[in-house]
Each structure stands twice: as structure tokens, then as C-alpha cells.
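K.L.:
Protein chains in written order, with the working numbering: chain E, 1 to 218; chain W, 1 to 254; chain L, 1 to 385.
Treat the hints as calculated values from the structure; they're not laboratory data. Some clues are possibly wrong.
[To be verified] Distance ranges between label pairs, derived from CB positions:
#1 Ser163(L) - Ala249(W): 26 to 32 Å
#2 Phe10(L) - Asn83(E): 48 to 54 Å
#3 Thr176(E) - Lys296(L): 33 to 39 Å
Every residue, glycine too, gets a C-beta built ideally from N, C-alpha and C.
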Amino acid sequence: MVALFVALTFIIFLVIDFFVLRSQKKVHPAFMPNSVFDKSSIYFPGKYLLSKGHIWLQALKNDTYKLGLDEFVVRAMNNIVINTIAEEGTKIKKGDVLFSGTAGGHPVAFYAPVGGTVSQINTNILNKNIEDIYNEDWGVILQVESQAKIQEIAFEAVKAKAWMQSEFKRLKDFLTIQTAEPELAGLTMADGGNIAEGAVSMLSDKVVAAFENDFLKQ
Amino acid sequence: MSTQKGLLFDSTMCVGCGECYRACKTTNKLPETNSDPLKDHLSCSTYTVIEDHQGKYTRKLCMHCAEPTCASVCPVGALTKTSEGPVVYDENKCIGCRYCMQACPHSIPRYEWTSNNPRVRKCIMCHERVKAGMQTACAEACPAGATIFGNLDELKAEALKRIKESPSTYYPHVYGMKEGGGTNVLVLASTPFDQLGFVTNLPDEALPNFTKRALEKIPTVVSAGTVFLGGMYWLTKRKNEIAKENAQAKERKN
Amino acid sequence: MKAAFLRLTFWKVIAVAIITFGLYSTFLRFTQGLASVTNLSDSFPWGMWIGFDILCGVCLAAGGFLICAITHIFNIEEFKPLTRSAILTAFLGYVMVVFALLFDLGRPLNIWHALIMWNPHSVMFEVAWCVMLYSSVLFLEFSPVILERFQLTRLLKIVKRVSLPIMILGVLLSTLHQSSLGSLFLIVPAKMHPLWYSPLLPVYFYLSAIGTGFGMIIFESYLSARSFNKGLEMPLLSRIGLFAAIFVAAVFVIRFSDLALTGKLHYLLIPCQETYMFALEIVIGMIIPFAILIQKRNRQSRKWLYFGSVSLIVGALLNRLNVSITALNGFSKANYFPSVNEIAITMMLVVIGMIAFKYAVQYLPVFAEEEHTEVLDTNVVVENE
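Just chain E, same shape as in the assembly:
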């Protein structure tokens, strides 16, 4: 009986807490949708590099890198569909459009973090949602102009994660500015700390363009 009493007391406390949170219009972490974009769950693989335009780089050979979109943009916009990729064999400059497509139907473009020659593209990512961010769904393989430049424009993995978390804060500010009342738009979670996944692409063409300007052009 004592065992039953203690077990029930424990459960009752959990249930009370659930209702206390609900009365404050908050959600217990267990009942948040799995698609919450929260700061600390951002992942970035070791040994990868990250540019400030949210393109990751993985060294293949001395001057050859695999490039793709990072988790931050994928989760901030969700539903990213790439329609065009820079063509194979072309030479591109830093800041040229690397991929373009739509996010939730709003047009968006991603820019090359460094100049070089496109040696291979991944056509598998065309016209579908990006899911396996750091592996299968890579974008292009780029032979960079200058190896030294890479060190300038990209973060090491450890710093990249911290930087992405600071970008998260910036994103929250961005959303607050772009929409007068983000709560009503359902963009931020009730606890105020997290952002709904794909918050950016829920808004207008104008906001996506502003996001592109503020976060992707670096």
C-alpha cells in the first residue's frame, strides 16, 4: 500500500504540474510538437566547417569541399525545395547564387561562401524537401580558388555550434521585428524560448527576402 501511495503521489504531482503549465498557456516539453526549433538541439558534425551564409563545408581533398545547407536554415524555413543548382564545371565567385528555390512557396537563394569551380552537383536534392542535412542531401562539390580563404570565412565545428546558437537569438529578434506580434502568428512557442520549425517560411515573400538578406548573404 505504501508503494502504491508513493507511486500515485509521484504521478499526481506530474499531472498537477501539467495543469499548472496549461493554466499559464505553456506546454510541457513532452507535449511540444517534435518539430520545435530549439536552440540547444542544434547539431553540427565535428570536422565540418561552417560559413556565415549557413553553408557547411566538408573537406574532401586539399582544395575540394562538399557544400550543403546547414540545420539552422533548414529548420528556420522548413520545406526548402531547391530548383536550380549552379552548373557543373562553371566557375563561380564568392557571393554568386549557389542554389535557388522556394521555402514554403516563397522564393529564396543561397550564396557561395567562397569562389571556385563546381566539379559535381547532387541532382538528388532537386524538387524535394531537404532531410538528411549533413550527409545524403549535400549540394555541390567545389574546387576552391584558395585554400587559405577557407580559414577566413568558415568556423570550426565547435565554434560553429556556438555561432549557430547566437544566430538563433538573432532570428528571434528578426521575427519580432518582422511581425509585430509573433505569438499570434504562431511562430514562437508558448514558453517564449523556442521557435516553431519553419517559422520564416510561414510568412510572406517579403520576410523571406529579408531573411535571405540578413542571414544568407554574408
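Dock chains W and L against the given chain E, drawing on the hints supplied.
P.N.:
Leaving out everything else, chains W and L in the frame of chain E:
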């Protein structure tokens, strides 16, 4: 020759007069708890009682096990088996964990629950008297000869002799001969012992052996555990290093 | 802003009420003895303070040694983000266990006697030493967080140098006392209900502490997420969930094989309180969490992973209290149920532990990873290139 003393209680001879109960109270300076010794129960002020089981009287007191469970479980050694036989308690050592009470197979030790500095209380077989060569107060007081004090070996022989001489009077077992590894208090009865409130499902093996078997494994667990954990550390560390080196070598080759 | 204030008030009021009543009970306990606050008796000398505060407390604090073993001995480094909060929970848990012991011991001022008056035959003696040493080990394991906070670099270096032997010692001590809490009951074969008594009690206690410890790591991550606006490390927690399922299954198989081999299965058919409690313990503590956590889909769902961990914890509470109270009730016929004061003191200790955790998180870098070592590692890599 063992120096162990003991008590033999022959319940067939007990008349339920309560002299042992009163003598125990006087000797141990215990406060009066009940005017009728047959209606009392063991407590921190009562070390022995007489129980009436449908006209058959029996005594309840510490059995003074040969290998006492209470002494084996006490973390600070406050309970000890003396060479004379009594199991005694040192209140100055006791921390009050009450494991002795929990572990005692006969559920004998009692506690001073209302005290702010409580002690464990139980029959100590009049240890001071026994050391001085006297018999216990209860044995001395018994007018019917139901409780007798003596050398444990002789008492055992006496008990067996009584059963052999009048098999119709006795249930053919001496309680305490082998229960939980044997006790220094032996009991004879005319009926099976569970009818008199004795615990009859005890193993013949001394109970301390049950935990001893677990405790004996500790050195093995510690040494094997150290080797295993150290080995795992070295192996996994090495594995991680090799993975890192390989990754670097690959990068360099590329 | 208003909402945050409201939330604080509700639980604050409850916490203050519990602590006030707990302190009043504490006063009674230390001025008028155990009888004034507990329902303990000569026929039932160990109650809720031993069964819940100590047995459940130690079991639920197992997460600390598990995470240390995973990250520092098995060198699975991804789990490092979980280390500090698990060690802190374990440390506070053990401090609370020691406090509870001071309430329960009849002569708490003599607690130090275990240091000098040895009885190596006593399981309690072994447990006392292990708990004492392990609490110190936990403190050392947590000390880098404090040293980092106050930038005591030299001390930090010394602590980090001895960290491996300390981690190994921690795992060994935990193995010993987690299992020995089960050994405590080996000595009462005649008093305990046969469904729970087994010579393998120490093994069950150890393995179930591991299963529950994993459950606790998950549960406390949710608790932190709920209270500190912190995200959930879902990929890590899912893997922890799988570990828990494996250990729960192991305990289930061993326990039922043991029951079958010793011919005790027929006890399951006797309709009595013990049988029902046993069934409840098995269903809630083993079958449900295994069914939930063995499926990858559930482990990746926030909701189901949470339910799995809650079920593991409820199962552990049932198991420890069944062993220490339900299984002994039939023999003692005492029908023990804790008094209001016993419950109040227990709750007070839990509340104090939670408050201490909250302040530790506020003032110490508990949720930070071990930045120093990792930054150092990357530098090495860069140099090699």
C-alpha cells in the same frame, strides 16, 4: 569443553505463575507494564513474557543464537555474542539503525521509540550474573523447574534425554537445536512449535551466512571491475584515437 | 512575464507549505523522539524513510555513475552534454539520502561511529562506507564545474589529472552499494514474501538501478527543459532510452527465470495484496517501459520517451517499496502506513533537493559542456594539419 551457557525451557512443566517475568523485571530494573504477566507483551520495558496458547504456557525471550543475526548485521558492532553465551548490547556504540530488529528471525529486539536517545532493548541472559557464576534471574525464580540454566552441552543432552524418556509427553523436537544455526535457549513442548508462536520456517543454516555469501564476492567484484573498467577505458580511448588518426591520414592523402 | 510570475507562485506556495510542515515535524522528531512523528513500531522498524528516502533515493541517483561510465570510461563522447546535470542530480540525491538517514537513525549523533567501529560482516557497514565514499567521489566529479566558475585553473588541472581513477572508483562504489542495498534483505529469508526474496536480490537491485538510472537521465532532462527553458537532446536521449529498455528486459528475464527455477511461479496465482503489487511492479516497471522504449519510433517521440521514463521511475518506486515494505507486511502483520509527519519530512527533503538544483543551475555552468578540453582537442587537430 565449550564454556557456553544456556537456558532450557520445558513448556510442559510451566504453570504460568509469572515468577520469571517478575524476577526479570526486578533484576533488570524495568518499570512495571502490566499487573498480569500473562497479558503483557515484549517491549522496551519487558524482556520476557509468558504466553497462554489455549492452556499451554510458553515463554518468549531472546533466543541467544549461536551465530546471532543481530550481531552480524550491526554496522558498528554494538551487539556481540559473549563467550559465556549471552548476546549483549552496547548502547554507547549503537547508531540506532534498527537493522538488528529488522533482521532478527525471532523478532525479539525492542526499541525505545518515545526516547530522544533510544536504545535497543532485549533479554541479555543476565550477562552480569552469568559472568559472576550465577544463574539467570528467571531460572532462579522458576518454582516449577520449567526454566533451567546450565552448560549448553549439558542442556542439549538433558533435552534429548527428556524426549527419549517420555516420548508421549513431548513433540519430538528440541526448538533451538538447529533453527537458524542453533540457539542458546532451548525449548521443549508437547505440540508442534508453530502452535506456540515460534518461527518454524527458519533454515538450519545460520542466517549470517546468507549475507556472508554476498559480501564474500566483493573483493572479486572490485578487482574484476577495476580491470574491466580500466581495460574498457584503454580500449575505447585507443579506438577513438585510431579513428581520429585514420580520418587525418585520409585527409592528408586527399 | 505575468505567466512566469504565476507559475512561480503556485509551486512556491506548495514548496513553502511543505517545508514549513516539514520543519515542524523535524522539530518534533528531534525533541520528542521517533514515536512522536513516525508510525514505526517494534514489529515494523523500517518504514518510508528507509524504503523511499534511502532505497528509492539511491536507485534514482544511479544516473550519475552511468553517465560517468559512458562518457569517461567507455569514452562515448557524444553524451558529454548530459554529464554535468546527471552528476549534480546524483550528488544532491546522495546528500538528501544522508539527511534522511539522520532523521531515521535513532542516535544520529553517533553516525560517525561507522568510521571507527567496524563490523565488516554487516552489509549496512559496507553500504555506509560506500555511500560515504561515493558522495565524496560525486563531489570531486562535480568540482570542475565549481572550479571553472571561480576560475581556479590550477586546482582544476589537478582534479582533471586524477579524473580517471575517480571515475573508476565511482563506478565501483556504485556497483557495490547499489547491489548491497538488495543484500540488506538477504538476511530475512523467513520474513519476506517469496515473490521478492531471492539470493539474487543484489543482482536485481544493481541491474534495475541501471535501468532506472537511464530513465532518470531522460526524466531530469525533461524537467530541466521544463524549468530552465532548455532544449532536449533528443538524439542522445533516444539512445539512453534504448539502454534502459535493454536493462529492464534483462532484469525481467532473470527474475522470472529465478521464480520458475525455484518453483515460485504458483505464488502468482494466489489472489492477495502481495500478488497484485508484484504484478503492478512488473507491468509498470518492466513491461510498459520495454514496450514503449524498444520501438525506435517511440524513442524519437518526445511524448513517448517521456512516458517511458516516467513508467521506469514509477516501476522503480514500486519495486523498492515492495521489497522493503510490502514483502515484509505479511510476516509482521503491522500494516504499516507512514504518518503525515513522515511524509512531510520526506517531501521536504525532495523539495530542498530541487531548490538546491535550481540554484546550482543558476550560479554554476551546469548545462555548459566541458569547453576547455574540447577546444584544446580542436587546436591539436588544426596543428597536425
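K.L.:
For each hint, tell me whether it holds in the structure or not.
P.N.:
Each hint tested on the structure:
1. Ser163(L) - Ala249(W): 26 to 32 Å: With Cβ atoms ~29 Å apart, the hint holds.
2. Phe10(L) - Asn83(E): 48 to 54 Å: holds, 52 Å
3. Thr176(E) - Lys296(L): 33 to 39 Å: About 37 Å separates the Cβ atoms of Thr176(E) and Lys296(L), which means 33 to 39 Å holds.
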